[in-house]
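Let the hints inform the model, and build the full structure from the sequences given.
There are 2 protein chains.
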Amino acid sequence: MEKYVYFFGGGKAEGDGAMKDVLGGKGAGLAEMTNAGLPVPPGFTIATSGCRLYFENGNRMPEFIASEYQQALDWLEKLLAQELGDPARPLLVSVRSGAKFSMPGMMDTILNLGINDKIAEAFAARTGNPRWAYDSDRRFIQMFGNVVLDIPKEEFERIFDGQKKKRGFKLDTELAPEDLKQIIAGYKSLVRKKTGKDFPQDPRVQLAMAIEAVFRSWYNERAATYRRMNKISDDLGTAVNVQAMVFGNMGATSGTGVGFTRNPATGEKEFYGEFLMNAQGEDVVSGVRTPVHISELEKINRAAYNQLREITTRLEKHYKDVQDFEFTIQEGKLYMLQTRNGKRTGPAAVKIAVEMAKEGLLTPLEALLRVEPEQLNQLLHPVLDESKPVKVLAKGLPASPGAAVGRVVFTADDAVTRGKTQPVILVRAETVPDDIHGMEVAVGILTSRGGMTSHAAVVTRGMGKSCVAGCAEAEVDEKRKQLRIGSKVIKEGDWISLDGSTGRVIEGKASTREPDPTSGDFATLMKWADENRELGVRANADIPRDALAARRYGAEGIGLCRTEHMFFAKERLPHVQRMIMACKDTADAKEAAKYEKERRAALLKLLPMQRKDFFGLFEAMDGLPVTIRTLDPPLHEFLPKREELMVEIAVLEAKRQKGAKLSKLKRLLEVVEGLHEFNPMLGLRGCRLGIMYPEITEMQARAIFEAACDCKKKGIEAKPEVMIPLVGDVKELALQKEIVNRVASEVFKKKGVEVDYLVGTMIELPAAALSAGEIAREAEFFSFGTNDLTQTTFGLSRDDCGKIINVYVSQKIWPADPFAVLDPKRVGRLLKLATKEGRESRAKLKVGICGEHGGDPASIEVCAEAGLDYVSCSPYRVPIARLAAAQSAVKRSAEKVYTTA
Amino acid sequence: MEKYVYFFGGGKAEGDGAMKDVLGGKGAGLAEMTNAGLPVPPGFTIATSGCRLYFENGNRMPEFIASEYQQALDWLEKLLAQELGDPARPLLVSVRSGAKFSMPGMMDTILNLGINDKIAEAFAARTGNPRWAYDSDRRFIQMFGNVVLDIPKEEFERIFDGQKKKRGFKLDTELAPEDLKQIIAGYKSLVRKKTGKDFPQDPRVQLAMAIEAVFRSWYNERAATYRRMNKISDDLGTAVNVQAMVFGNMGATSGTGVGFTRNPATGEKEFYGEFLMNAQGEDVVSGVRTPVHISELEKINRAAYNQLREITTRLEKHYKDVQDFEFTIQEGKLYMLQTRNGKRTGPAAVKIAVEMAKEGLLTPLEALLRVEPEQLNQLLHPVLDESKPVKVLAKGLPASPGAAVGRVVFTADDAVTRGKTQPVILVRAETVPDDIHGMEVAVGILTSRGGMTSHAAVVTRGMGKSCVAGCAEAEVDEKRKQLRIGSKVIKEGDWISLDGSTGRVIEGKASTREPDPTSGDFATLMKWADENRELGVRANADIPRDALAARRYGAEGIGLCRTEHMFFAKERLPHVQRMIMACKDTADAKEAAKYEKERRAALLKLLPMQRKDFFGLFEAMDGLPVTIRTLDPPLHEFLPKREELMVEIAVLEAKRQKGAKLSKLKRLLEVVEGLHEFNPMLGLRGCRLGIMYPEITEMQARAIFEAACDCKKKGIEAKPEVMIPLVGDVKELALQKEIVNRVASEVFKKKGVEVDYLVGTMIELPAAALSAGEIAREAEFFSFGTNDLTQTTFGLSRDDCGKIINVYVSQKIWPADPFAVLDPKRVGRLLKLATKEGRESRAKLKVGICGEHGGDPASIEVCAEAGLDYVSCSPYRVPIARLAAAQSAVKRSAEKVYTTA
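Quick mapping for you: the protein sequence lines, in order, are chains F and Y.
Going by this note's numbering, the first sequence wraps up at 2369, each residue one higher than the last.
Going by this note's numbering, the second sequence wraps up at 2369, each residue one higher than the last.
No lab work stands behind these hints: they were computed from the structure.
Heads up, some of the hints might be wrong.
Distance condition first, Cα-Cα at most 20 Å in a straight line; then the derived EDC-like pairs of lysine to aspartate or glutamate [unchecked claim]:
#	chain 1	residue 1	chain 2	residue 2
1	Y	Lys2109	F	Glu2138
2	F	Lys1949	Y	Glu1778
3	F	Lys2187	F	Glu2222
4	F	Lys2187	F	Glu2248
5	Y	Lys1788	Y	Glu1799
6	Y	Lys1949	F	Glu2138
7	F	Lys2280	Y	Glu2206
Encoded structure:
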């Protein structure tokens, strides 16, 4: 028969620390501490499976579970020689939630259960501490009334404050036992009014109701949201811990406190925490009384202090991790109430992992697993100084981490102008490629639309710049140059701050601090990661500055250089536009030749500029491979917007204006109309451009190889990898490859030197993944473009998806935003299939990923499983990817051991 | 050693009729006729493999092939006791192309090869027919000069006409031998001027040059285009037939003609053809002299006539098909020059197949394979009367077959107004859903943009209405209401005609004729098809009229009813728009409830209308399943266009107008902006709508089930199948299914009756196909939406793809437009995978296809292979699908026999 209840106490427990699945984190910790002989108040844990059965049973406690915990209660009563509801020797218990994964403060807790009027009186009489007795009763009724009976806290507080006011008191402690009795009476009549029933006096009924209430709290809104944010499954359920109460508020020799074995903010190895004498746990947290630093305890109760230090040191060694513990001293005697692995900041995580490894507490491999890759973000970007208060105006998506403080501007041009003298934050409804010059000078970007992989998000992450995207509360009025959040209006030039790590939009100038990513511990951890990972890590970088940053962060090459960003520069755009104006259809061969000539003339102007770009990249990455993608975006992105032209023309016509400007605009509109597409994402872009206009690919190939040859002559080793985008059929790649190879041999002949290079393709369409075997006959490498692959696999545009993704994630249709975390079931299936079939047709095929997922730890794990050679991500995510890759390798080699064992 | 040359003559041939791969169609026919003892001038065939080697060898004749055909030539000379170039007994030959598949007139032919000045003189002397001799020489030089030496025909004709003019002649036959000699001299000096060399006098040199020229003509533009249109592979190459000349122009007892064993236009069993005495083949075709009906031959040469009838009857029996033959009578003696299966019209193909089966010449199964499914089109739509001349203005894509004659209109509203009294043709740059009312009244649609599956093409095919789409030469100026094709300007109200079967746009009123699709032969063929097919055939129909048509054409159910078309009706659109105006985001729960209430109020108005729609469909399809898709398109399609609103507002503002209209427009624009998407195809549509706004699905489900229950009460059997579109994850389907099931049981309870129904899903995203096993746990049926599946698999929008597809097909990147012919490699792979994994998880899963491919014979074959249960297509394509399904089954059962044999 399955067991649902596990007791602990008297030096031994039925469960142990490994049983987090069954007992939850808290229950497992209590069992483990009990078994270790630590002073833990005894009790029992109702397993998480009980919670699941409770819900399955239509939110009713199954009879067999109820009878099982009754037995445990009997045992507890016997152990302590106390009895629930017996005024002579009353047993009081706490009832607490405790899920497998820590969800601090999200679910409910009830203390002092077992008290009632009679027992309170008996306590008062026996302890000579009537204030404590009635206050315990008062607290219990309030907590039970709120948690179990669903009566708002405020209504209790109103009664409490009313009594204080009536008596003219300021502090709670001024209240006399009689006052507390009055309050209790008020509470009870409130309960009667709200529930139509008397407050339950039978402690066994109280217990049953409390246990069910704690189960139910698994589905309260706070908890559900927390799980969604932390990707914790709804199916787990919570355990319930019923534990004998100990009291820190029994007078001057009692107290309670919390602490960490190391500083969770900095990672320093110091005994860290705080306590209050004559208090219960909530008093430490509530801020009514100021707690005292834990070192003070030594002066008050040296024995308890030493015992606490000894116990927590043992616990840290035992769990091989920083412990976050709670303790109570009841009349001089120390009790441990909880221990768990402590949450910590990124810098602390790194420091603790490395130091513990150096202390021999962990192996370097174990240390690697102790840092969440995402936590490294905090070491890589300027961050908000959390010690200072801030006023949060709104929350958007944490699109690109780090803090930014600047003056608001609403256009890219304004950003450039104002940005010369002041830090600016560019605020847009959404950004578009021709905002790039503004984004480059801004210190941060705020958008009201778009998701985690919107243009703004992707570009800023690439730049390592703070961004809050898709902030729906922010109404951006670009025309009037104002930002409205609720009733607050922010004008151009006003200061705001962004926290890209949390998505917060903050009023005024927030304080920030610079992290030190090159600290010794960080470097040590990265060294261990590099020694243990199998996946290579490259960076997506378009310009030498980013490439240098990437290299500094440990990138082993460039996995994606997007050449289109180079086309937007001010001195280049006119040539690009001239080329596009000549992208016209005609059946007349002569006319077609004329247009081609015109296009070639414009491209010739761009050639030296592109050559310079590539030279810079090769120089920055000297000796490392540089993957350059040929032109990808739809051409209309380089022209003014269609609807804006239409408006401009209509307005001129309405004003009966004529002349050169109007006809020029009309000619321009004609071209824009010709290029207009209903779904540009599915239109004339990627290699389709190079097939319609081979001279574009030709110019880019020429620039690449001329730059590479020039490098070689100067002793710089260029390793170009030419990447053809949006291939769906091997023939597309073959045609483009032919051009690249022809140009390469022309250039080598002219320059008199040769360089090694590869020609490969993006796999970013289902069609490509499904015919990867064929494509690999031409491709020397694959690079998964999982942004586009996710878009086409799901039929979901990442520019339009924000609203839908929010709803889908909150309704649990998807476990996560598929643009943030690679979908393993469908996109991942294509990735594995294409890698396998590609390698079957070309054994040495190099396979990487350059979509945004390349920097996401969960996605990196899928890549590692699929057997990819490398991932490529934003420069600032390179360390994260290095750590994630190492963790994946360590975990998988551990699995191998288990599998073969 | 491989054999490249096969001779035929003297009663036997090295090849035979089965060797079309090697000898081409013509060569195989000549061999077969020779073996059958028919009077065929002897000769030899150079195999298609020779052609391929010629190209592989860099357009040079491999030595071993040249020496092999020299041997065949020696043999031919011996057989006829003639010699190439010997004036005493000269051998004259024809050199003709002949590929595996007939490509009439696409490649080159050279007659009279072997003649030169000396031989012409000798001929003149010996035959006493100097006119014939010199005319033969003249014709040869002209043909050789044009085909082999690439000199334009016109330059020869200028010399010829010059001589006629000089002499004041009108007819060619007035030219005397001396005139012809002058012309020959002129021709030779033209050749010298153009090529820098004398015209080659050595017949062996002529022969070598002619053979190579015929090889090369495989790649001339005409031939390449023909192959692309007819899906003939470029890799096949052509054979070359070198055959002794016979002369129909040797005087009054000579003649030449062509004929068919049955009438290729009507299929009537009658000896059909025409001939000319004293003429060569080209004279029959050129139209200079009017040929005579073949029955007249009986009077002129009864023996030859009877022999010809006897031979061709034998040939028809032998080949079990209508023969298209060529013959020549030289001085009274009959020679057969060619026989091949005759091309025929659709009606003829049906009649011939059925009659041959009734005659016992074919089995019904063989008869089924004799009709190209596409040919049935000609029996189903009014067609152009090809006997009347037409003036073609331009050519577009043959988007929806049939002829249409009407007056041009440029807007849907104008179509409705003018369409009340006159037939109208709606001319648009492209059509959009809100043109639907205009499309309904128009007799035909012409668009300048969009491909074979553009909105216009899909909708018109559904309506069985003629459409020419993507006619790039047509410049549509909707503002000025004019259509410009080249210099021709067509204004509103002008007559034009469309031939949707060929894509021709014709000036003025062309003559059309009504076909008779219910003729006995058609019905017989369809009966045989139905008896032999495994695939079910349903139709895509949205309204009772189409459903009735579909049923008349043999549809076994409705595979797709698109409910969105129902939303565009004039009296409904305001309610739809009211609903959409309330599709607003808000974080405020109260406001959200208010919006939902507003949406529900608008939907309540639509409910009775939808219920009536569905009642009509169920009634029309009484007893047959009706698959109804819930709302699919993005909501903004129901609102005015964003850019038009922007322009309107800007113009009003420019004119400093204020007031209610402007603010109303601004409010509207705000909603439109809120719904604006960069890629609506990948945006908020399909089941995403039903998940964001469940009340839409709810209303539609209610309308369906209320209508079905009402039907049942009236004795009509409704079989609804509710189809959820754009599902990518099983959870989406589960959520929508829950709504449908809930509403169904509510309605059944209220109405007091129950109807059987299914809930299933479209498989139209790669994500769905890749998780089909999971989805089938919820879905009771799958229907492949291969339009969208092709779009997402290839990352290619069908609304924007015209230009790209043209280039890709012409550059042979794709064998065909993937929106017209299902791509078997990628989309087909997903289709097979999803069908397999779906059935693994639900054995009885019903699987169909409702994309445009459901009506395409090649695609139907892929569906049959994948094991689908049914295809669904436009009502007017139902017979085509029935035949294609039968052909696929017949072919596959034949394959099974071969495989097991």
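Consistency of the hints with the structure:
As the CA atoms of Lys2109/Y and Glu2138/F are separated by approximately 19 Å, the hinted pair is consistent with the 20 Å bound. Distance restraint check for Lys1949/F and Glu1778/Y: the Cα-Cα separation of roughly 92 Å exceeds the 20 Å cut-off, and the hinted pair is therefore not satisfied. Under the criterion of a C-alpha separation no larger than 20 Å, the hint pairing Lys2187/F with Glu2222/F is consistent with the structure, at around 11 Å. For a cut-off of 20 Å, the pair hint linking Lys2187/F to Glu2248/F stands: about 14 Å separates their Cα positions.
A threshold of 20 Å between alpha carbons decides the hint, and for Lys1788/Y with Glu1799/Y the separation of about 32 Å lies outside it, so the pair is violated. Of the pairs offered as hints, the one joining Lys1949/Y and Glu2138/F holds, with about 17 Å between alpha carbons and a cut-off of 20 Å not exceeded. Simply put, Lys2280/F and Glu2206/Y have alpha-carbon atoms about 15 Å apart, close enough for the 20 Å limit, and the pair holds.
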